[in-house]
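Build the full structure now, drawing on both the sequences and the hints.
There are 2 protein chains.
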Amino acid sequence: MTDFESVGKAFVGHYYKTFDAPGGRAQLGSLYQDTSMLTWEGQQMQGAQAIVQKLSSLPFQSCTHHVSTMDCQPSGQTGGIIVSVTGQLLVEGEQHPLKFSQVFQLMPSTPGNYFVLNDIFRLNYA
Amino acid sequence: MTDFESVGKAFVGHYYKTFDAPGGRAQLGSLYQDTSMLTWEGQQMQGAQAIVQKLSSLPFQSCTHHVSTMDCQPSGQTGGIIVSVTGQLLVEGEQHPLKFSQVFQLMPSTPGNYFVLNDIFRLNYA
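Chains as they are written, first to last, in the numbering used here: chain A, 1 to 126; chain B, 1 to 126.
These aren't lab readings, by the way, just hints derived from the structure by calculation. Treat the numbers as computed from the prediction; the structure is a model and nothing was measured. All residues carry an ideal CB built from backbone N, CA and C; glycine is no exception. Check each hint, because a few of them may be wrong.
To be verified - Here are the simulated distance ranges between beta carbons:
| no. | chain 1 | residue 1 | chain 2 | residue 2 | range |
| --- | --- | --- | --- | --- | --- |
| 1 | A | G23 | B | S30 | 44 to 52 angstroms |
| 2 | A | G23 | B | E41 | 30 to 38 angstroms |
| 3 | B | A26 | A | A26 | 48 to 56 angstroms |
| 4 | B | P111 | A | G79 | 27 to 35 angstroms |
| 5 | B | S57 | A | S57 | 40 to 48 angstroms |
| 6 | A | Q95 | B | S68 | 21 to 29 angstroms |
| 7 | A | Q44 | B | T35 | 23 to 31 angstroms |
| 8 | B | T35 | A | Q95 | 39 to 47 angstroms |
| 9 | A | H66 | B | T18 | 33 to 41 angstroms |
To be verified - The calculated lysine-lysine pairs, modelled on DSBU-like cross-linking and capped at a C-alpha distance of 30 angstroms, are:
| no. | chain 1 | residue 1 | chain 2 | residue 2 |
| --- | --- | --- | --- | --- |
| 10 | A | K17 | B | K99 |
| 11 | B | K9 | B | K54 |
| 12 | A | K99 | B | K17 |
| 13 | A | K9 | A | K54 |
| 14 | B | K9 | A | K99 |
| 15 | A | K99 | A | K17 |
| 16 | B | K99 | A | K99 |
| 17 | A | K99 | A | K9 |
| 18 | B | K99 | A | K9 |
Right, here's the structure in full:
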């Protein structure tokens, strides 16, 4: 496994584990910076604060992500990585999981660490 | 609509129209360069020639893409655009369309033109 794939895999594991933990969404802010962009079901936000506020205010208390596929490519920026995820999202109280697609671009921050510059999330109802 | 969204929308329309036309996949090479990467259902390729060879040798003669959602964000590289698409792919001879997710990073080439630096395609069976 090449380095960008190791980074992507570690990120994805950490991201969804944190997201799905009780109170975890409020802790995702450390993964974003002021330049970070989130497009959530077509709604655009920028900056760690706005992004965490959105994620924390989603209309469910708890959920579970199951990752089906994960693909990584270097993005052409020094150290940047594009991570594409497909999977299923099971929301508390619902019987059937929803398919989702999510794309991240990870960028190096401090040595050995990354932040999320781009984040695009879509439920795939169609 | 901001400029990157206009570019992304025009690209997506052109890409799938070309892909779905008879003999069209062989013409997609002009959208890729030597640095371009394609991950197709987990299989990694690099360079316009390898990518077009892969797309041209997919095990169906014709298909139709229906785009359900398209989201764009600036990628942080000068003029770079991340485009995330979800939709349905109907392959000739099949009764039921398959859901797909595809991510592109578009980069400026000649003025007013773009090429595909990153391309990740996944069928979303799960």
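A quick look at each hint next to the structure:
1. A:G23 x B:S30: 44 to 52 angstroms: 50 angstroms, holds
2. A:G23 x B:E41: 30 to 38 angstroms: Distance hint for G23 (chain A), E41 (chain B) holds at roughly 37 angstroms.
3. B:A26 x A:A26: 48 to 56 angstroms: 50 angstroms, holds
4. B:P111 x A:G79: 27 to 35 angstroms: 28 angstroms, holds
5. B:S57 x A:S57: 40 to 48 angstroms: 47 angstroms, holds
6. A:Q95 x B:S68: 21 to 29 angstroms: 23 angstroms, holds
7. A:Q44 x B:T35: 23 to 31 angstroms: 29 angstroms, holds
8. B:T35 x A:Q95: 39 to 47 angstroms: 46 angstroms, holds
9. A:H66 x B:T18: 33 to 41 angstroms: 34 angstroms, holds
10. A:K17 x B:K99: Holds - the C-alpha atoms of K99 (chain B) and K17 (chain A) are around 26 angstroms apart, at most 30 angstroms.
11. B:K9 x B:K54: Holds, at about 24 angstroms.
12. A:K99 x B:K17: Roughly 26 angstroms between the alpha carbons, so the hint for K99 (chain A) and K17 (chain B) holds.
13. A:K9 x A:K54: 24 angstroms, holds
14. B:K9 x A:K99: Cα-Cα ~23 angstroms, so holds.
15. A:K99 x A:K17: Given that 30 angstroms is the threshold and the Cα spacing comes to 18 angstroms, the pair holds.
16. B:K99 x A:K99: Given that 30 angstroms is the threshold and the Cα spacing comes to 10 angstroms, the pair holds.
17. A:K99 x A:K9: At roughly 19 angstroms apart (the allowed maximum being 30 angstroms), K9 (chain A) and K99 (chain A) satisfy the hint.
18. B:K99 x A:K9: OK: K99 (chain B) and K9 (chain A) at ~23 angstroms, within 30 angstroms.
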